[in-house]
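These protein sequence lines are chains P and E, in that order.
All residue numbers for the first sequence refer to the numbering used here, where the first residue is 286 and numbers rise by one.
All residue numbers for the second sequence refer to the numbering used here, where the first residue is 93 and numbers rise by one.
Because the hints were derived from the structure by calculation, they are not lab data.
A couple of the hints might just be wrong.
When the alpha-carbon atoms are kept at most 30 Å apart in a straight line, the in silico BS3-like pairs for lysine-lysine are as follows [to be verified]: (1) P/Lys-503 with E/Lys-131; (2) P/Lys-565 with E/Lys-104; (3) P/Lys-435 with P/Lys-595; (4) P/Lys-503 with P/Lys-410; (5) P/Lys-845 with P/Lys-824; (6) P/Lys-684 with P/Lys-663; (7) P/Lys-684 with P/Lys-481; (8) E/Lys-134 with P/Lys-595; (9) E/Lys-115 with E/Lys-151; (10) P/Lys-565 with E/Lys-134; (11) E/Lys-104 with E/Lys-142; (12) E/Lys-151 with E/Lys-104.
Some chain E residues judged to face chain P by a derived CB distance under 10 Å, without partners named [what the hints assert, rightly or not]: (13) Arg-94; (14) Val-95; (15) Gly-101; (16) Leu-103; (17) Pro-130; (18) Glu-132; (19) Lys-134; (20) Arg-141; (21) Lys-142; (22) Glu-146; (23) Thr-157; (24) Cys-160.
Even for Gly, the Cβ is constructed at its ideal location relative to N, Cα and C.
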Amino acid sequence: MKGYSGRFLKVDLTSGSTGFYEPTHDHYRNFIGGAGLAARIFLENGDFEADALAPESLLIFSLGPFAGLHLSGSSRFSAAARSPLTGHWADSSCGGNFAPELRYAGFDGIIVSGAADYPSLLVIKDLSVKIESCQELWGQGIESTTSILKHRFGQSFKTLAIGPAGENLVKFACIMNDGHSAFGRTGLGAVMGSKKLKAIVLKASKKTFYVHDPENCKRLVSDLNNRARESVTLGVMRENGTASNLEGGVHLGDVPIRNFTSNFWEEMAEALTGSTLSEKYLIRRANCAFCNVACKRVVQIDDGPFALSKGPGPEYETIAAFGSLLGSMDLAATCKAGRVCNDLGLDTISCGSTIAWAIEAFEKGDLGLSDTAGLKFKWGDMRTIIENLIPLIALRKGKLGRLLAEGSVSAAKRTGGDSNSYTVHAKGLEAPMHDPRGGGHGLALTYAISHRGACHVFSPMLFMEMGACYYPEIGFDLELDPMSSDNKPEAAVVAVTLGALENSACMCQFADREITIPEWVELFNYVAGMNWDIEDMMKTGRRIFYLQRLINHRFGIGAKDDVVSRRLLAPATDGAPEGIEINFAEMKRRFYELMDLDSISGSPSLQVIMDHDLAIEKSRVMGDLF
Amino acid sequence: MRVYVQPVGLLKDHFEAAVVELKSNSTIQDLIHAFDLPKELKAIGLVDRKRQMEDYNLKEGDVVTLVCLTLGG
Chain P
286 MKGYSGRFLK VDLTSGSTGF YEPTHDHYRN FIGGAGLAAR IFLENGDFEA
336 DALAPESLLI FSLGPFAGLH LSGSSRFSAA ARSPLTGHWA DSSCGGNFAP
386 ELRYAGFDGI IVSGAADYPS LLVIKDLSVK IESCQELWGQ GIESTTSILK
436 HRFGQSFKTL AIGPAGENLV KFACIMNDGH SAFGRTGLGA VMGSKKLKAI
486 VLKASKKTFY VHDPENCKRL VSDLNNRARE SVTLGVMREN GTASNLEGGV
536 HLGDVPIRNF TSNFWEEMAE ALTGSTLSEK YLIRRANCAF CNVACKRVVQ
586 IDDGPFALSK GPGPEYETIA AFGSLLGSMD LAATCKAGRV CNDLGLDTIS
636 CGSTIAWAIE AFEKGDLGLS DTAGLKFKWG DMRTIIENLI PLIALRKGKL
686 GRLLAEGSVS AAKRTGGDSN SYTVHAKGLE APMHDPRGGG HGLALTYAIS
736 HRGACHVFSP MLFMEMGACY YPEIGFDLEL DPMSSDNKPE AAVVAVTLGA
786 LENSACMCQF ADREITIPEW VELFNYVAGM NWDIEDMMKT GRRIFYLQRL
836 INHRFGIGAK DDVVSRRLLA PATDGAPEGI EINFAEMKRR FYELMDLDSI
886 SGSPSLQVIM DHDLAIEKSR VMGDLF
Chain E
93 MRVYVQPVGL LKDHFEAAVV ELKSNSTIQD LIHAFDLPKE LKAIGLVDRK
143 RQMEDYNLKE GDVVTLVCLT LGG
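Next up, chain P with everything else stripped away, as it sits in the complex (with noise of 0.2 Å):
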């Protein structure tokens, strides 16, 4: 099939063999690649029973169909696995620049399983793999690990590492490409780690790509780079990056305050937003590959107590994680925390939201000074999260280590008293730094409904919320409100089957806003002849969404758990939200009408297993149908 090589590259670490993996042309154009693929692949040669971090457990790595374009947007790609932060199945996203090289290098994706006796690194040339002993790099934070990697194999080998973090399990570990992106969410690095994999390093000689139809797909390219550079709203990114929205969402309610307490402070709105970061620290912009967005950061501060060298900045997520969130609103402590968290390889967004709930907890008396090695948590004390809090979560040290290395809900689980009432998360993953009582009653939903837990990656919800996309040719033209209820379940139903198609054709939910419903169908026709209508596509798109869910129905996974903490729908205090109620229930009842899935079970009713072809899938996870 055009636009894949065909075989996924699969290594065992157990053993020390690796060998090809051949997902059948339907896996392909059922599930596309991605987050789609991986499922189905794991469907297929996963262990259920395995635990997250057992050498059983699979870890995929998988390409969509674009990688390898001069596309912007195009060079993400999607790592899944069993989360052993939140125990079911989960994928993350991330950008850089070693997706196109992998798909260059003759693969669709990397499936690792087993656990080696010894640090291992993996070293892909083409199709020529090795595993080696790498026992130095043990315990090296990931930028010393890239520098090492890259002058041992050359500066244009792409790279793929875990810090310590990972190394030690740490439940929300993430994977670094090259130092600077990142699969940030739900603890794939720790899956990383108890493989001993401690990086991947690839180099593809040809830059070759074969797609369906070269002349068409040229066309249409060149069409979408054009209007991305030209692209007021991509402008926007490029100019002040990912938090250049901050300062308005403080005023509507979106961004989070001391742990979801609060939902407006004025004078951190400008002290953390984009265009400030710009003034002040910003000394050059930075792309993944092909991309003319270029919303990455790279910052210097040259004095003060956070003074910092040239090199990656923090994207939005991590300075409301590591600034409001935190009851901060020093930039220059988020650039810091931002750079600790990426050297030790933490996620910013599990671990910004498990020490604010460990400041609340202290606070209100939770833990004690015999839990906290005598340390005073206090809103706003970067010194002590940057110093003490970040680096003895990422080396487990001690028993404040150990207990926030888990992650907020299960350290709360420990913690008893009132703790997990003040824990903000869906299914296990800590909520990313939009509050849907500001930002938007549907992020609610879609938070409570992602078969991974709280992600706004995993559909543009947060986008259609804002009204900064439209699709009209799929019946989505609505004006939304942010604040209110009305028209989300509908919404919703767009944005989950958007967001798997997103997820799996890898591609960046920024640059793609300026993608149409129908370009969306030419792109899959041209790169890969899928010979999709709009139907078609987004017939895909559902599949997929309910492939996830029946994959975490056998995790356990039922309706129960597709709710989100108390405190995103409790009224908010202040603010553009204040004293507004999410009706999250009817929301909930009406979008598993709308999909037709079950009220207990929460899998998709027969109908819609018969009507998405997913039979096979099903009696895969629950045994035959009849």
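Since chain P is already given, all that's left is putting chain E on it; use the hints.
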């Protein structure tokens, strides 16, 4: 009718805080049109810090915060 308008975030690049004269019964949409923003920038109105839809009827003396969200996050 006069209202006080305050731009937030991206909109600061397009206009400054000002008192704006409008016809009576003007809506937030009318106010936004008065600033002739690029069509890609969709402004959202808050009146006395509460979000209001575009057809909200403004009143004399209202304090209107205009916010524009593009993408992010």
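Verification of the supplied hints:
1. P/Lys-503 with E/Lys-131: holds, 29 Å
2. P/Lys-565 with E/Lys-104: holds, 18 Å
3. P/Lys-435 with P/Lys-595: holds, 18 Å
4. P/Lys-503 with P/Lys-410: holds, 28 Å
5. P/Lys-845 with P/Lys-824: Cα-Cα ~26 Å, so holds.
6. P/Lys-684 with P/Lys-663: holds, 19 Å
7. P/Lys-684 with P/Lys-481: The given pair, whose Cα atoms are some 24 Å apart, holds under the 30 Å limit.
8. E/Lys-134 with P/Lys-595: violated, 35 Å
9. E/Lys-115 with E/Lys-151: holds, 10 Å
10. P/Lys-565 with E/Lys-134: holds, 27 Å
11. E/Lys-104 with E/Lys-142: holds, 20 Å
12. E/Lys-151 with E/Lys-104: holds, 23 Å
13. Arg-94: violated, 22 Å
14. Val-95: violated, 17 Å
15. Gly-101: Status holds, d = 4 Å.
16. Leu-103: holds, 8 Å
17. Pro-130: holds, 5 Å
18. Glu-132: This hint holds: E/Glu-132 lies near chain P, its Cβ roughly 4 Å from the closest one there, short of 10 Å.
19. Lys-134: Status holds, d = 5 Å.
20. Arg-141: holds, 6 Å
21. Lys-142: Hint holds; E/Lys-142 Cβ to chain P Cβ min 6 Å, cut 10 Å.
22. Glu-146: holds, 7 Å
23. Thr-157: With a closest approach of 6 Å, the E/Thr-157 hint holds.
24. Cys-160: This hint holds: E/Cys-160 lies near chain P, its Cβ roughly 6 Å from the closest one there, short of 10 Å.
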